[in-house]
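On the provided structure of chain R, position chains P, W and X with the ligands as indicated by the hints.
What follows is the residue order along each chain.
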Amino acid sequence: MPDVPLSPLLPEAQRLLPEAQRAAAQAAETGAAAGGLDSGTLVLLLTIFALAVFVGFEIITKIPPTLHTPLMSGSNAISGITLMGALLALDVDHTGLAKALGFLAIVLATMNVVGGFLVTHRMLGMFQRKK
Amino acid sequence: MPDVPLSPLLPEAQRLLPEAQRAAAQAAETGAAAGGLDSGTLVLLLTIFALAVFVGFEIITKIPPTLHTPLMSGSNAISGITLMGALLALDVDHTGLAKALGFLAIVLATMNVVGGFLVTHRMLGMFQRKK
Amino acid sequence: MSNSVTNLAYLAASVLFILGLKGLTHPRTAVQGNLLGALGMFVAVVFTLAGRQFEWAALIAGLVVGGALGVILAVKIQMTAMPQLVALFNGFGGGASLLVAGAYLIFASEAERTTPALVATAASGLIGAVTFSGSLVAFGKLQELKFLKDVRFTGQQLANLALAAACVILATVLVAQPEAANLSYWVMVLLALGLGVLLVISIGGADMPVVIALLNSYSGLAAAATGFVLQNNVLIIAGSLVGASGIILTQIMCKAMNRSLPAVLFGSLQPAGGTRDAGDLYATVKSTTPDEVALLLDSASRVVIVPGYGMAVAQAQHAVRDLVNLLDKRGVAVEFAIHPVAGRMPGHMNVLLAEADIDYERLKEMDDINPTLDQADVCIVLGANDVVNPVARTDPKSPIAGMPIIDADKARTVVVIKRSLSPGFAGIPNPLFAAPNALMLYGDGRDAVLGVVKALQES
Amino acid sequence: MSNSVTNLAYLAASVLFILGLKGLTHPRTAVQGNLLGALGMFVAVVFTLAGRQFEWAALIAGLVVGGALGVILAVKIQMTAMPQLVALFNGFGGGASLLVAGAYLIFASEAERTTPALVATAASGLIGAVTFSGSLVAFGKLQELKFLKDVRFTGQQLANLALAAACVILATVLVAQPEAANLSYWVMVLLALGLGVLLVISIGGADMPVVIALLNSYSGLAAAATGFVLQNNVLIIAGSLVGASGIILTQIMCKAMNRSLPAVLFGSLQPAGGTRDAGDLYATVKSTTPDEVALLLDSASRVVIVPGYGMAVAQAQHAVRDLVNLLDKRGVAVEFAIHPVAGRMPGHMNVLLAEADIDYERLKEMDDINPTLDQADVCIVLGANDVVNPVARTDPKSPIAGMPIIDADKARTVVVIKRSLSPGFAGIPNPLFAAPNALMLYGDGRDAVLGVVKALQES
Ligand SMILES: NC(=O)c1ccc[n+]([C@@H]2O[C@H](COP(=O)([O-])OP(=O)(O)OC[C@H]3O[C@@H](n4cnc5c(N)ncnc54)[C@H](OP(=O)(O)O)[C@@H]3O)[C@@H](O)[C@H]2O)c1
Ligand SMILES: NC(=O)c1ccc[n+]([C@@H]2O[C@H](COP(=O)([O-])OP(=O)(O)OC[C@H]3O[C@@H](n4cnc5c(N)ncnc54)[C@H](OP(=O)(O)O)[C@@H]3O)[C@@H](O)[C@H]2O)c1
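Residue numbers (the working numbering), protein chains in the order written: chain R, 1 to 131; chain P, 132 to 262; chain W, 263 to 721; chain X, 722 to 1180.
Because the hints were derived from the structure by calculation, they are not lab data.
Treat the numbers as computed from the prediction; the structure is a model and nothing was measured.
Please note that a few of the clues may not be correct.
Think about it this way: if two alpha-carbon atoms lie no more than 30 Å apart in a straight line, the pair counts; the simulated DSSO-like pairs of lysine-lysine are [claimed, not checked]:
1. W:LYS517 x W:LYS411
2. X:LYS1085 x R:LYS62
3. P:LYS193 x X:LYS976
4. X:LYS1085 x W:LYS626
Looking from chain P toward chain W, a few residues come up when the C-beta cut is under 10 Å (computed) [as the list claims (entries may be wrong)]:
5. ASP169
6. SER170
7. GLY171
8. LEU173
9. VAL174
10. LEU175
11. LEU177
12. THR178
13. ALA181
14. LEU182
15. PHE185
16. GLU189
Just so you know, even glycine gets a beta-carbon here, dropped at the ideal spot from N, CA and C.
Next comes chain R alone, as it looks inside the complex:
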């Protein structure tokens, strides 16, 4: 996707552009773009990954030891983001088996998310009462 637009091939590209754009737009609208992962997008996603690792690293090394247990339970709750995938398995068009697995996954992931954030909240509340 990302591209330096000042390429010498521009005139040819321009000729092709309207057609390509129309087709691409149509495909994107109907959700087809998701089928494949083109290499340009992959690089952008890798960039996001690399930056997120940096952010995580910088912030988490700043968390004081006092809060390491809440950090553990809190980041565990965040890892329950799989819940998003579990929800998608319950799409109306899916087979019964997929839905059954999805249902179980929702139960487990929701326990992880709700329980994780709540218990972290309980713990942190104890730290806050002080002072």
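Below, chains P, W and X with the ligands without anything else, positioned relative to chain R:
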């Protein structure tokens, strides 16, 4: 671009996919994709921007006051990344005027980059000799 | 709901997760941070649901059941059982991700089964399964279920290797032959469940936090892998944050124990040979009574308390709070010395003491308090053992050699509260108990502290 | 060279920039960090060049000329002139970005002139032009060019507003009528150049670092905007890093001066009314000689030196190093107290003292050393003025009221080295000079310190 692929519209999308992909690939190859900025890519770029701001913020607040002058000259050198744009202006196919502006821009940006990193290096060398 | 709007919402959710973690960098902002994280999760879920057609009844039922169970567990749990609970939740997360990957293979269309998609699916199934069974075993060990204790058999490493190899082969088959993906997936999951059990079952109970942090880190990475397949930024970002957090916590724990990660995972912590001469070593141990300790405390001007795993077992934190209040009133300065791996998870002692309303400003980290411990009149070692064992400094052959410890032995007088002379997690005797300036106060941690409180009140 | 390879290389360049900044978090790793940043730039340039057809002769000529000029400036510059040089380089960067945006409007095809592309182009042209002229004025002020001093005329704010409004209108026209983009662009640039001059010319010389940091931050944001247009990740990331760095430095400086950013930019720092009673105030000033100072130092056991802008002007840092070595040999403990805005840019004093080979462990930050200044036998104030002015603490109506200062006046004896009783940047008298425990050593900073060194050697 990013998309949740489990859309109910999948069958239709699938029908459209090969055509769209062919067209998009062709367009991308010839550099046409750069002409427009589709909203999916825009979101990915925004994500990159947001994460980079976080990274910058976290790291720079950790830099000790002792190194604030080198930080200033060093980050100033990094801002010379405009050099990339200046280079592209000297594409063979461009008009003489664009090339002339590009040449001037290259001179200025290179001074900024080379001078900036070098003077930072000189300063930091002074800190390192100690200890 | 257009894709860009959804993805903007996902970006907002990611930013909320980041701000949430930033909140955790200070106790004052931590509650708010956690709420921001939860809000991020809420945003991510709402925008996943918006504009799609679901099997709503089942979906809502799943959310309600899971939510209710989560609330019950989170509210009922005792603060002392936190390590177990985190292990359990971690296992649930792993289970969910193996089920999601399995469901995906059923409903994904031909076109969606690209190689990267299949690789990520296999990875999240594999990691999910190992996390699920491994975390449940870790939970059992932390609960001290008897049948999980010290399970070792010959050829264990070999069995692990064989299982791991089989899993990888099946994952490769899955990617190479997408048409038979379901079969190879579920066989792989079965083997991976076994692998998780075998990997964790022979690791010592006190090392479970390392295992859990590591597994949690891997589940984060699996989520990020799924994010690449779904081209979904919130999965990638949340996954990387969790991955980074787990790795960093693992490193901190290993460093504080001066053991390498492989040494923790593949159990090189032998029951030490030194145990046999414990009798000789402990010949000069002096024991004491609550009244005597009360006298000591009454005449002290600075007291340092070193809590350890025993305080958690005895749930002695509230009794300790009473003791601190009493000493405060008498003008005695009381501080706590917190070892980074005291207890059974990082920050374990801090949570317990916070529960008992003890100001976190009183809690000093090991490196900050060690230089001033020789100025302490009394040091109370409350259910701690390995983290104050001077052998770590003196005997290079000891299993805890080189582990930084709290220099309790440097205090004028050391009072050690525990039930017996039996060793701590590392299984080695502790010469501190026999030191000339040490007094043993035998008994359950809570009872012993309450005894001292009573004696102080009566004096 | 495929686009993905190029973009992977750009990702590598971005990571190198980040690692470079991370290196700057410690003096030990800073040199390596800066080299990583330079490597990142190299990678970005090489992959921009690869696989395209350029006007090679001109391109290489530009690189060689610019590189040579950069090297000359960087090598020839005196460490004391660092603020000027940074201003100059910043201006060059702004100039380059206005030229690039101008060139883009010439060669960009119809299809490329989308609205976001034009907005980003206009933004980088506008910011570039203001940065260019503003930085050059800042450079001139820091060089103390006479004709730039105290230029003020009535209606200046109004003129600024009118110019800014005109620029924004022209930018809007540019976006709305892409076919006449060139004309509106260059008119806008001309006006923006004027705006840059007017904005900066009435700001005090000592506030230039704030201006430069702010302009640098904006150039970073302009680069990021260009990155969105070109869908180029390295531009976005590098731009955001620079943007964050500039904003943070600006905040640090404003906080250290206890002034708001608008107050700095729109010049509310009035020549203070207090100057008239300076005569009365200074009635009790006592002056001293190098020999007397040498005696004082010889009998001291702890000396604190507070350097300021005067040390930079006098280039006294090497003389100070000699003094420190001499005192070291005699067993006198010497430390430096560094105010966050001493000198003319953040960290200015640190660079000068590092140049003179003074260990950075000796340099204490204001907040760390203030509590112990009452235990200093002698405090030498070397060319500092505002940063030790007790008025900031005592007089709420003073222009520097509330600015945190170094408590030099708390030391047993204070020796102030400067050429006269004239005020520092803030233009207000300093009661410290007349304090009972203060002695003035008049003279150029370097000469005065060398005089003390000579007296010490002879004693
Ligand atoms: N915190 C972490 O993150 C983490 C992670 C991995 C490993 N570890 C390991 O865990 C260990 C932690 O050290 P530690 O000093 O806290 O604990 P420890 O060395 O395991 O010793 C705990 C002591 O508490 C006593 N105790 C148990 N129940 C008690 C009760 N009800 N009342 C009073 N005393 C009681 C026991 O002695 P009695 O039986 O005689 O009463 C035991 O000696 C270290 O070896 C560390 O490496 C910790
Ligand atoms: N550092 C930054 O980042 C920054 C940024 C923005 C603003 N500022 C402002 O800059 C000021 C810095 O304070 P400061 O205390 O360092 O400096 P200052 O208040 O400007 O005072 C410098 C003193 O040095 C003396 N001096 C000049 N040349 C000298 C020479 N050759 N030998 C000896 N003395 C000499 C001058 O007195 P004589 O003329 O009598 O010799 C003058 O009083 C503050 O007001 C601060 O707010 C700094």
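Do the hints match the structure? See the list:
Between the alpha carbons of LYS517 (chain W) and LYS411 (chain W) the distance comes to roughly 25 Å, so the proposed pair stays at or under 30 Å and holds. Our distance criterion of 30 Å between C-alpha atoms is met by LYS1085 (chain X) and LYS62 (chain R), whose separation comes to about 23 Å. A distance of roughly 17 Å separates the Cα atoms of LYS193 (chain P) and LYS976 (chain X); the hinted pair therefore holds under the 30 Å criterion. Taking the CA atoms of LYS1085 (chain X) and LYS626 (chain W), the gap is about 24 Å. The hint holds against a cut of 30 Å.
Because the closest C-beta pair between ASP169 (chain P) and chain W is about 9 Å apart, less than 10 Å, the hint holds. A distance limit of 10 Å between C-beta atoms decides the matter here; for SER170 (chain P) the minimum to chain W is near 4 Å, and the interface restraint holds. A least Cβ separation of about 6 Å between GLY171 (chain P) and chain W falls short of the 10 Å threshold, and the interface hint therefore holds. Because the closest C-beta pair between LEU173 (chain P) and chain W is about 7 Å apart, less than 10 Å, the hint holds.
Interface restraint check for VAL174 (chain P): the shortest CB-CB distance to chain W comes to about 4 Å, inside 10 Å, so the restraint holds. The interface hint given for LEU175 (chain P) is met, as the beta carbon of that residue sits about 7 Å from the closest beta carbon of chain W, less than 10 Å. Interface hint at LEU177 (chain P): satisfied, since its Cβ lies 6 Å from the closest Cβ of chain W, which is below the 10 Å cut-off. Taking 10 Å as the C-beta contact cut-off toward chain W, the hint placing THR178 (chain P) at the interface holds, the least distance being around 5 Å.
Given the 10 Å rule on beta carbons, the hint for ALA181 (chain P) holds: about 6 Å separates it from the nearest Cβ of chain W. Of the supplied interface hints, the one on LEU182 (chain P) holds, with its beta-carbon coming within about 7 Å of a beta-carbon of chain W, less than 10 Å. The restraint placing PHE185 (chain P) at the interface with chain W holds, with a minimum CB-CB distance near 6 Å, inside the 10 Å limit. Taken as an interface hint, GLU189 (chain P) checks out: its beta carbon lies about 8 Å from the nearest beta carbon of chain W, inside 10 Å.
In this structure, every one of the numbered hints holds.
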